[in-house]
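K.L.:
Residue numbers (my numbering), protein chains in the order written: chain A, 1 to 188; chain B, 1 to 312.
Hints in this document: simulated from the structure, not taken from any laboratory.
Quick caveat, the model's predicted, so the values are computed rather than measured.
Hints are not guaranteed to be accurate.
Label pairs and their calculated CB-CB ranges [what the hints assert, rightly or not]:
#1 12(A) x 168(B): 53 to 59 Å
#2 137(B) x 10(A): 37 to 43 Å
#3 34(B) x 131(A): 27 to 33 Å
#4 20(A) x 4(B): 23 to 29 Å
#5 71(A) x 56(B): 23 to 29 Å
#6 90(A) x 137(B): 46 to 52 Å
#7 71(A) x 87(B): 49 to 55 Å
#8 163(B) x 90(A): 46 to 52 Å
#9 83(B) x 31(A): 28 to 34 Å
#10 94(A) x 163(B): 28 to 34 Å
From the three backbone atoms N, C-alpha and C, an ideal C-beta is built for every residue, glycine too.
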Amino acid sequence: MAGASTHGDDDGALLERIAQSDADAFEVLYDRYSGAVHSVTRGMLRDPQAAQEVTQDVFLGIWRGAHAFDPQRGSPRAWILSLAHHKSVDVLRRVRYTVVPLSETIVDDSDVVAETLRKVEGVRVQTALSSLTIEQRTALVLAYYGGYTQREIAQKTGTPLGTIKTRMRDGLLRLRAVLEPDLQEIGP
Amino acid sequence: MTHADAQELIAASVISGLEPDEQRALEAHLDGCAECRQELARLLEVSAAMAAGLPQTPPPAALREAVMAAVRPAPARRPAAVWFAVAALGVIAGAMVQLAGRLSLLLPTDFDRATRLAALLVAVVVFGVVVAVVARLFQLVTTASSGRLQAVPAARPTPLWLAVGTVIIVLLGAQVLLVQRQNAGLSAELDQQSRLLAMLTSPTSTTIALTGSAPGSVRLVVNVKVHEGVLIANGLASPTAGSVYQLWLLGGPKPESGAVFSAGPQGTTITVLGADFSRYRAVAITVEPGPRGSPQPTTTPILTGRLPGGSA
Chain A
1 MAGASTHGDD
11 DGALLERIAQ
21 SDADAFEVLY
31 DRYSGAVHSV
41 TRGMLRDPQA
51 AQEVTQDVFL
61 GIWRGAHAFD
71 PQRGSPRAWI
81 LSLAHHKSVD
91 VLRRVRYTVV
101 PLSETIVDDS
111 DVVAETLRKV
121 EGVRVQTALS
131 SLTIEQRTAL
141 VLAYYGGYTQ
151 REIAQKTGTP
161 LGTIKTRMRD
171 GLLRLRAVLE
181 PDLQEIGP
Chain B
1 MTHADAQELI
11 AASVISGLEP
21 DEQRALEAHL
31 DGCAECRQEL
41 ARLLEVSAAM
51 AAGLPQTPPP
61 AALREAVMAA
71 VRPAPARRPA
81 AVWFAVAALG
91 VIAGAMVQLA
101 GRLSLLLPTD
111 FDRATRLAAL
121 LVAVVVFGVV
131 VAVVARLFQL
141 VTTASSGRLQ
151 AVPAARPTPL
161 WLAVGTVIIV
171 LLGAQVLLVQ
181 RQNAGLSAEL
191 DQQSRLLAML
201 TSPTSTTIAL
211 TGSAPGSVRL
221 VVNVKVHEGV
231 LIANGLASPT
241 AGSVYQLWLL
251 GGPKPESGAV
261 FSAGPQGTTI
271 TVLGADFSRY
281 RAVAITVEPG
291 PRGSPQPTTT
301 PILTGRLPGG
311 SA
């Protein structure tokens with residue numbers, strides 16, 4: 001049986017133990033984050049089977065890569081969710097590049113953004129997104145929920161790459177300000 | 001990559017907006033730049049909040065099993081549960097064998113084939129039910145003990161395993177039944193033989209040779225002290241079909257029946273008699289209608305003999 005402290009351990013302690021191949025700690029972490037991780041993979045990928053495979057891949061990645069977690073680069077939760085997002089986007093891009101080139105799928109910016117935004121259900125996030133300028137929203141939504149790179153977005157929207165970078169950064173900072181109460185406190 | 005370049009890439013990085021080569025270059029810079037790491041941490045929380053905007057869909061339970069199976073080495077057969085099952089089966093098998101043994105003692109030693117088959121069938125059915133119950137318990141125990149593991153589906157006792165176990169136990173039970181029956185028969189035989197031997201060698205026994213018209217050697221060993229006698233016949237021809245030999249004790253007002261017997265193979269017969277031989281003068285053997293003989297002699301004796309006290 002897992003040590004009595006396992007369920008009370010914070011995420012960082014769990015990751016340290018997982019780095020030492022502690023399966024009990026891993027199990028606790030799975031139960032804590034499998035819902036959030038799968039929501040990302042399933043939300044990003046239409047195919048439920050593919051989503052399950054990516055979710056599994058994310059957790060095996062945590063099991064093998066927990067030693068690479070660096071608390072200076074983000075909270076455990078943010079790290080885990082970004083792993084889930086990265087891996088989902090990888091799959092999305094692989095499928096997209098082998099099936100239809102990006103330029104042929106996008107007819108109109110606003111259509112794509114609207115289409116992509118349908119993935120978003122959370123009211124708080126929707127409200128926060130609506131507080132952005134339309135350009136910022138387009139850049140963030142296409143990147144995060146659509147899985148497009150900044151280069152693809154620049155090319156697609158006919159906007160200089162530097163401008164896209166700025167919109168992304170400004171948009172994220174704006175979101176951060178709006179969502180502040182929800183965000184976990186980060187160390188100095 | 002300059003610090004300024006890195007700062008530009010961090011935002012795109014947290015929303016997975018970088019090409020692989022850009023991502024690698026950023027990682028390399030982050031390793032040596034605490035300020036950029038802090039910026040990354042700050043913006044990563046925002047992307048995590050964007051993740052929370054996606055519909056909440058928990059993964060299927062089976063995925064947990066698959067993930068845990070990949071992480072945990074397969075448990076080594078849960079020894080405790082296995083030993084529990086083996087011990088339980090052993091105890092039950094022992095009890096069944098014991099029961100079968102007692103059952104065989106209760107049954108008449110000459111119970112027929114059909115009865116034996118029925119008893120065996122009942123034993124098999126009972127054992128089958130018991131095995132099923134134990135298997136279910138076993139399953140529950142193993143499921144409970146592996147509840148935390150999840151990766152391994154509950155061990156199911158295979159039909160082959162059950163079949164082999166059942167056959168072995170039934171064979172063992174039948175074996176024990178047979179041995180017990182043989183034992184019972186042998187010990188009865190042994191008992192009779194030692195009584196015979198005791199009587200034949202006892203100093204208080206007397207042997208009387210019976211004489212008459214029938215061929216063969218017929219002797220009566222009597223022990224007046226213990227009121228017992230043994231009739232030993234050799235070469236005595238079988239009586240005609242439907243008839244038996246009957247031994248009469250003479251000396252009272254009427255002849256009394258002492259034994260009804262038939263000649264065995266090769267005309268050999270050993271028949272034990274119980275009587276107070278001091279009360280009689282002589283014995284006689286007649287041929288009477290079978291299978292129970294007659295209340296009084298109906299034919300002329302074929303053999304007669306005088307008892308030791310008979311001269312008095």
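K.L.:
The structure should be examined with respect to each hint, and the outcome stated for every one.
P.N.:
Going through the hints against the structure:
The hint said 53 to 59 Å for the Cβ distance between residue 12(A) and residue 168(B), and at roughly 56 Å that hint holds. The supplied range of 37 to 43 Å is met by residue 137(B) and residue 10(A), whose beta-carbon atoms lie about 40 Å from each other. Separation of residue 34(B) from residue 131(A) is about 31 Å and conforms to the stated range, judged on CB atoms against 27 to 33 Å. Remark: the range hint 23 to 29 Å for residue 20(A) to residue 4(B) is contradicted by a beta-carbon distance near 39 Å.
The beta-carbon spacing between residue 71(A) and residue 56(B), approximately 26 Å, falls within the hinted interval of 23 to 29 Å. Evaluation of the 46 to 52 Å hint for residue 90(A) and residue 137(B) yields a pass: the beta carbon distance comes to about 48 Å. At about 51 Å, the beta-carbon gap between residue 71(A) and residue 87(B) stays in the expected band of 49 to 55 Å. Between residue 163(B) and residue 90(A) the Cβ separation comes to about 51 Å, which falls inside the hinted range of 46 to 52 Å.
For the pair residue 83(B) and residue 31(A), the supplied restraint of 28 to 34 Å holds, since their beta-carbon distance comes to about 31 Å. Between residue 94(A) and residue 163(B) the CB atoms are about 50 Å apart, so this pair departs from the stated range of 28 to 34 Å.
When each numbered hint is compared with the structure, violations occur for hints 4 and 10.
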